[in-house]
Structures are given as structure tokens and as C-alpha cells.
Amino acid sequence: MAIRWFDRLQPRTLAGKRTLVGYVFISPFILGFLLWFLVPASTAVWLTFTDWNMINPPKFIGLDNIRELFRDKLFLQALKVTTNYTIISVPLGLVMSFLLALLMNTKVRGISFFRTVYYLPSIVPAVANAVLWVWILNTEFGLLNVLLRSIGLPKIRWLQEPEWAMPALILMSLWGLGGSMVVYLAGLQGIPEVYYEAAEIDGAGRWDKLVHVTIPLMSPVIFFNLVMGVIGSFQVFTAGYLVTNGGPQNATLFYVLYLYRNGFQYLKMGYAATLAWVLFFIILALTLLIFKYIGSMVYYEEAR
Amino acid sequence: MVTPSKSLVMRRSLAAMPALRGLTRGEWWWRAFVWVVLLVGAFIMALPFFWLVSSSLKLEQRVFQFPPQWIPDPVRFENYIEALTYKPFHLYVKNTLIIVILNEIAVLWSASFCAYGFARIQFPGRDFWFGVVLATMMVPYFVLMVPTFVIFSRLQWIDTFLPLTVPAFFGGGAFNIFLLRQFFRTIPAELADAARIDGCSEFGIYARIMLPLAKPALTTVAIFTFLGGWNDFIGPLLYLNSPEKFTVSIGLATFRSAMYTPRWNLMMAASAAMVLPVILVFFLAQRYFVQGIVMSGLKG
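Protein chains in written order, with the numbering used here: chain S, 42 to 345; chain D, 620 to 919.
The shape of chain S in the complex, shown without the other chains:
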């Protein structure tokens, strides 16, 4: 009996065998998806409707967590901080790393040296980066104020003044723009030289070539960096946690930092899960909006 059952499981056709083998190959992913994705995701749905501090049993509270959102001033503050950061740092980083990649793509002496220097900061470990920048931003002895003083400007209390803390963190984020620069560079290297040659024959100058050849052909890469930039900036954590700890006066209370505090410091697991879902829907909505309004401006060669 058992043997016949096993016989039936053994695929007889070639296609059946291939299906079995295929599923064996992708089984680690499927298992991982169920265990580390579907199970947490459904737990998150359930947690949203509970009040739970990890010690006492969870209490079902219906929609109270969602109602709490509208009363929570810090939630709104975190949302505002993160939105401001995104609006300033993403376009700034996008433009600067694109310009940098354009410069990197010219054939000048020592270009591989320059590529290395600009890329290296982006792989510095986040914690080392944070410790280093706390020192650079130090009011009395930090590099930044030393430079300001040497050209006769007053020192700035970067991490103590609410209006300066955010510019300081944006400056810090720009130091790491080498990552998106390399993505642009890979894209620029992929543009066939013949396009430029053809444009030159038509009498195009440097500016025309940039506007009519480079930017259209690079638009998928620009678009990719934009989407990744927005998704990434809504998840800034380490800088806010280690450099400013959300302060001064919650001026750098990033959304994810507030989420972390609710979950792991105040032990409000249910509320933290609710915040996580809100984050998910914000990112989803933003991504869809970007795809709808900016995605249509992207030029794809295949579409011609």
C-alpha cells in the first residue's frame, strides 16, 4: 500500500519530474517565504488589533491602535520629520550623484582614483559613520566648525539646535552618495558611443548631447535611484538613533526610530505593528505615485 502511494508520487513523465526537481531547487525560498514572511506578516495584522507588552498576554482592543494614531502628536512629528528629510535629501542626492557620475564618465587622468575616493564613504559601516560624524559635528572641536571658524564664520551648534540637526544629517547622508553614483556610472557606461557620434554629426554640442541623448537614455536608472532613494529615506534609522537620538526637541525623530521606540523601549508591540503597517502603506502609495506620474516620463529603448 505504502509502496504504491510512493510510486504515484514518483513522477512518471519527464515534465512531472522536472516540476518536482524545480520545486526542490526553489524549496528553500518557499520555506523561507512562509516562515519569515507570511507568518510575520499575518502576526503583524493580528498585533495591530491588540495591546501587548510581551509580558502579559495580548489583549484584543479592536481599532484602538488606529484611533491612537490620530491623537499621537509624536506620530505626526515623526511623519513630518521623515517627509521633510525625504523631500530635501532625495532630490539633492539624486542630482548631485548624477552630476558626479557625469564627471566620472569623462576621460580624464586618474579617474579610477576619483571613483574610489567618491565611492568609499558609502561602504563605511553605519555605526562607524555615526561615531565619526558626531565628532565632525562637535560644536567646539568638530571638523565642520573648525572649517567655519577658519574662514571667519561663527560656529554652529549642529546637534543641539532643532533647526540645524536636520541639515547636519542631510549633509551626512550626502557623504554617502557614492552608492547611487556607481549605479549611474554603470548606466552611463552602457550608452553606446554611436549615439553621441550621431548627435555630433547633427551638430549637437555638449549640452544637447546631455539633454537629448544622456538624460533620456539614463531615465530608467534615474527612476530606479529615485524609487530606491524614497524607499530608503523613509527607513532612515541608524543616523537618527546614534547621532541625535531623535533630538533636539524631536527635530530628528525619524519614523522608524519612533516605531523602534514604541516596540522595543515602550514595549507597545501592537502600536508598533500599527505604525509598521502605516509605513508600509505610505511607501506603497509613494511608489505607486512615483510610478504613475514620473514612470511615464521614463524612456525605454524597447518601446520604440
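Worth flagging that the hints you see were computed from the coordinates, not collected in a lab.
Keep in mind that the hints are not guaranteed to be accurate.
As the list claims (entries may be wrong) - As a list, the in silico SDA-like pairs of lysine to any residue whose alpha-carbon atoms are at most 25 Å apart:
no., chain 1, residue 1, chain 2, residue 2
1, S, LYS148, D, PHE902
2, S, LYS58, D, ILE816
3, S, LYS100, D, LEU857
4, S, LYS148, D, ALA661
5, S, LYS196, D, VAL672
6, S, LYS196, D, THR880
7, S, LYS148, D, VAL656
8, S, LYS58, D, GLY823
Nothing here was measured: the structure is a model prediction, and the numbers come from that model.
Starting from the known structure of chain S, fit chain D onto it as the hints suggest.
Just chain D now, with coordinates in the frame of chain S:
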């Protein structure tokens, strides 16, 4: 520093080199301008590194000197020894390496195994599951952070390395599957067909043909895995509590609070020591960084 002939990016600029000879005057001025801009920018980008190393080698009181001492005098290499023994950094390094090595094994095996299935075997449902791979790439880490923590705490995995290593055995990360799949698809099908005719199973083809041929792609994945593990902060922050289980990241983050007043020269020395392995890996594997980006098909 760089071996130009080995790098994809640089090979092209090398091919274009003869053009340098016949430069027009306008082109010459343009390149000179670009060069100066790049040099100024490079100076700005390198300044924090210089400040890091310079501060890390100073005497404590010289750190707080104005105008600053750009070149430390005296140069105190002892700072490094003092910083790395101030807290048990040897333990942190060991812990980090255990986690990183387990992750390397897990990711290299699991991601390549899954990627082979997605790249080279036709079966119903494959494209659906590959869509799932891409979809999971888009869900932010923080969305699942709380419930994942809850699950691991139910499993009593908190304050062990298990949450930081075991998940990697299940697929090895969507990005890595994606990257390796792209690479496997570039390997000619004839190689596998020949092996199949000789009676080799799919698992044999994967292990004996694909893996050896995929060394460049696997190296890329290995580098990214190393950097990810070495740099990870949130994972250890969530899951590790006892000081003897800390990783380098957490060790460095708690360095400041461990001191009565912040000793900047020591903190900079410890930071520099954490950056150093990353920079070493970068120089050893520089060409794979660019290849990894080209291979993942990001260039549109």
C-alpha cells in the same frame, strides 16, 4: 591600486584612450575643468577619513586643540591598542566573524540553489514564485521587524546568534537570488545539455557545472554578504542582549556610553579599526562591485 584591464568600467575608458591624442582646444579645457572639480570634490570626500585617522592617532589633549593639529604629533599608535582593549573587542570580532561566516555558507548555498531552479528549470508556477521573490524585495525590513522579533522570542532565540544566521539558509535573500539567476541565465545551455546526455542529474549540473562557472557572481554575493554582516547594526541591536555576545557594531555603539567623558581619540581609533576591514575588502574585490551592479541588470 586598480588593475584597469580587469575592470569592466575601466576597460572601456582604456579603449577610448587613443582619442586623447587628438584633443581640440575646447575639449582640453573642458577636461582640465572637470579634473579640477573632481579634485576639489575628492578632497572634500576624503577629509572626514583624514579627520578620522588623524584624531585616532592624537594625544587626548591634542584632540581638543585650536587651530587643530592636522598631522598628529606625537603619533600615538597606542590609541588603537588601548581602544581595542578598553572593551573586549576581540570577543566582538569573534562573534561578528561567526555570524558572517555562517551567513556566507548559508547565502552562497541557498541563494545559488534557488537561483538555479529559477534560471534553468522550466516548471509550472516558476514565474509566479519568481514574482514572489521580487515582491519580497520591495517590502521594507521595518514592516516585519516587530512580528519577526515576536516569533523569534517565542522560539526562545533572543540573545542567541540564531535570528541573525538561520533565516539566511532559507533562500539567502531575494536580491542574491535575483543576481545569481541573472548570471546563470548567461551560461550556455549546451554545457548543461551535454552533461545531461552523459547522465548527470540536475543536482550534479548545479554542483559540478554551474557553481564553478559562477565564481565571479558568487564572489560578488560573498562580498555583499560580508559587508552586510560586518556593517549590520539593527539585527544585533534587536536580538543580542548579553555583552559577551555583542558584535563589532554594537560594541562600537556602546563604546561612548561606557566612558565617563567621551575620549574622542579612542573612539576614533575604534571606528577606524571597524572601517579598515571594509576598505580592505573593497580593494581586494574592487572589480566585483561594479560587476555586481552591472549583472543585477540595474542599468535598465
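Here is what the structure says about each hint:
1. S:LYS148 x D:PHE902: Since the Cα atoms of S:LYS148 and D:PHE902 sit roughly 22 Å apart, the hinted pair holds (cutoff 25 Å).
2. S:LYS58 x D:ILE816: holds (16 Å)
3. S:LYS100 x D:LEU857: holds (24 Å)
4. S:LYS148 x D:ALA661: holds (16 Å)
5. S:LYS196 x D:VAL672: holds (23 Å)
6. S:LYS196 x D:THR880: Holds: S:LYS196 and D:THR880 sit about 22 Å apart, inside 25 Å.
7. S:LYS148 x D:VAL656: holds (14 Å)
8. S:LYS58 x D:GLY823: holds (15 Å)
Every hint from the earlier list agrees with this structure, and none is contradicted.
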